[in-house]
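Peer 1: Turn these sequences into a full structure, and let the hints steer you where they fit.
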Amino acid sequence: MKKIINDPLKFVDETIEGILYAYGERLKSLDGDKRIILKNTSTKENKVGIVTAGGSGHLPVFLGYVGDGMLDGCAVGNVFASPSSSKMASMIQACDHGAGVLCLYGNYGGDNLNFEMAVEEADFNDIKTEQIRVRDDVASSPKESAEKRRGVAGMVYAFKIAGAAADNMMDLKGVKEVTEKALSNIRTMGVALTPCIVPEVGKPTFKIAEDEMEIGMGIHGEPGIEVGKIRTADEIVDTMLDKLLGDIDLTEGDEISVMVNGLGATPLEELLICYRRIHQVLSKQGVSIYMPHVGEFATSMEMSGFSITLFKLDNELKELLRQPGSTPFYTNENK
Amino acid sequence: MEYFQVSDLKGVLSSIKDIMFDKKDYLVELDAQNGDGDLGISMSNGFSKTLEILKDNEEDDLGKFMLLVSKNFNEEAPSTLGTLLSMFFMGMAKELKGKTKANADEFTVAMEKGLNNIMSKGGAEPGEKTIIDSLYPGIEELKKGVKENKPVLELFQSATEKAQEGMLDTKNMKSVHGRAAYYGDKSIGIQDGGATVGMYIFKGITEYINILNE
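As you go down the protein sequences, you meet chains A and B in turn. Heads up: the first sequence runs through residues 254 to 588, numbered per our numbering. Heads up: the second sequence runs through residues 24 to 237, numbered per our numbering.
No wet-lab data here; the hints were simulated from the structure. It cannot be assumed that every hint is accurate.
As the list claims (entries may be wrong) - List of simulated lysine-lysine pairs, DSBU-like, C-alpha gap at most 35 angstroms:
1. Lys381(A) / Lys87(B)
2. Lys209(B) / Lys287(A)
3. Lys297(A) / Lys117(B)
What the hints assert, rightly or not - Restraint-style ranges between C-beta atoms, simulated for each label pair:
4. Glu237(B) / Gly285(A): 41 to 51 angstroms
5. Asp567(A) / Tyr26(B): 28 to 38 angstroms
6. Lys209(B) / Glu400(A): 23 to 33 angstroms
7. Glu52(B) / Asn259(A): 40 to 50 angstroms
8. Lys255(A) / Asn139(B): 28 to 38 angstroms
9. Gln576(A) / Tyr26(B): 50 to 60 angstroms
10. Lys78(B) / Ala518(A): 48 to 58 angstroms
11. Asp208(B) / Asn365(A): 25 to 35 angstroms
12. Asp376(A) / Asn236(B): 32 to 42 angstroms
13. Asp266(A) / Asn236(B): 26 to 36 angstroms
14. Glu237(B) / Asp424(A): 34 to 44 angstroms
15. Lys124(B) / Gly271(A): 48 to 58 angstroms
16. Asn236(B) / Asn259(A): 53 to 63 angstroms
Using N, Cα and C, we set each Cβ at its ideal position, and we do this for glycine too.
Peer 2: See below:
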């Protein structure tokens, strides 16, 4: 293992120490608990709180989206492991500004169970909550069992939409509905070229041969749809778009946002080569692209590879996407 | 005993803890047949550490106390069954909130709310070889006994018997949840560890009431 770390056991805490030193004006921990990160800027009274939680190792997901016009708080777990329900419960309580809290998170076993427990506690304390599980990864389960799909990069768009809706002082029900509408129009698919190493494990959790890639691999190394020989960027993009467009209806005149997301070790140049192809294919179909996001939004340590997210827009979603959103790790101002 | 108060909940927890310690190796053995073998350890740890943290706690609201039990148990028994039991305690907490004492009827309703929580959050039904298979018949028996105005000790004695029958029935069931589900038909013939723990909860309550009555 070759990593720039100190003690593998302190990987997460030292990362968060760095974040709080660098961005302490905009982020804070809850009562000194480094595993609960909250927005440190002013928040309107009676705004719906938007929170998430999940394992570490995916920056900027999850805590990187805590900030203005996005999330109010995030509970942080160990690498690839859910935080405990009691941390989530404390976070929910801290993010209730009087109008309830939307828990918006990826569909993974540990996170699901712990959030279930946490919202029970919130309910005991008379805090209103709603939950949405993000299930955008088309490769993780076929369309017939879409409820089993995992949440990946598409959750970033969901954070943006929910945060903007809450900023517009929509009520909890309204924020939930518009976020669900957004998610029903969001699909993601990824491809991995090399594995990642969890610091505490110290070696790659799976193997991909030098000349191969795995299409559809999850952001923790969950098996994908097929392992194949590495191909050109255009061929890889075409394969991925094929699957994505088979899952979401796009017709001429539609407007979408596209996210090309690097998994951690893929250069921006390569991501742009892929974006180029996506633009060409979609414009040939008469589909126009609004506010493309190209860069690293949801990573998996030093995994190389990328994912494509398609987000079909209507006027309401387009406005919410455009509305200012700014965190130490994300801004839509430059998109 | 007419009412359950927080002191009684502490007594019940202590009694359950004693059983979990006594049966620790047996639970490990049961779980090792189709799980990961940590059941006896997580249960004895969970109950003893939760009790240790809360034994001097001065909260007298039954609901708020059960919330603390739920939270601490979840931290101290990190396993699927630990989380399911935390949900059971949470369901009881919400029902008992605002009460400093609960009669057998109210306590039964609280246990039923706890069971409903496990079923809805865990997504399991009776007959699927889980903790539900002992809790469900036990609670049904409680509901019946409450209607007949049975004395508290008798009430929980008969519920424990039903819970035990339910526990033994799991030998004939096929696992559909958790790691045990991978064993499919091979799980038939093995008694479910979760259902065994559920029976011990009834046994713990009964033993506590029995000691009080002596």
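Peer 1: Compare the structure with each hint and give your call.
Peer 2: Verification of the supplied hints:
1. Lys381(A) / Lys87(B): 18 angstroms, holds
2. Lys209(B) / Lys287(A): Violated, at roughly 45 angstroms.
3. Lys297(A) / Lys117(B): 30 angstroms, holds
4. Glu237(B) / Gly285(A): 41 to 51 angstroms: 49 angstroms, holds
5. Asp567(A) / Tyr26(B): 28 to 38 angstroms: 58 angstroms, violated
6. Lys209(B) / Glu400(A): 23 to 33 angstroms: Between Lys209(B) and Glu400(A), where Cβ atoms are some 29 angstroms apart, the hint holds.
7. Glu52(B) / Asn259(A): 40 to 50 angstroms: 42 angstroms, holds
8. Lys255(A) / Asn139(B): 28 to 38 angstroms: 52 angstroms, violated
9. Gln576(A) / Tyr26(B): 50 to 60 angstroms: Hint holds: Cβ distance 56 angstroms, inside 50 to 60 angstroms.
10. Lys78(B) / Ala518(A): 48 to 58 angstroms: 52 angstroms Cβ-Cβ, so the 48 to 58 angstroms window holds.
11. Asp208(B) / Asn365(A): 25 to 35 angstroms: Check passed, 28 angstroms falls within 25 to 35 angstroms.
12. Asp376(A) / Asn236(B): 32 to 42 angstroms: 36 angstroms, holds
13. Asp266(A) / Asn236(B): 26 to 36 angstroms: At roughly 52 angstroms between Cβ atoms, Asn236(B) and Asp266(A) fall outside 26 to 36 angstroms, so the hint is violated.
14. Glu237(B) / Asp424(A): 34 to 44 angstroms: 57 angstroms, violated
15. Lys124(B) / Gly271(A): 48 to 58 angstroms: Given range 48 to 58 angstroms: holds, Cβ gap about 52 angstroms.
16. Asn236(B) / Asn259(A): 53 to 63 angstroms: 59 angstroms, holds
Checked against the numbered hints above, the structure violates hints 2, 5, 8, 13 and 14; every other hint is satisfied.
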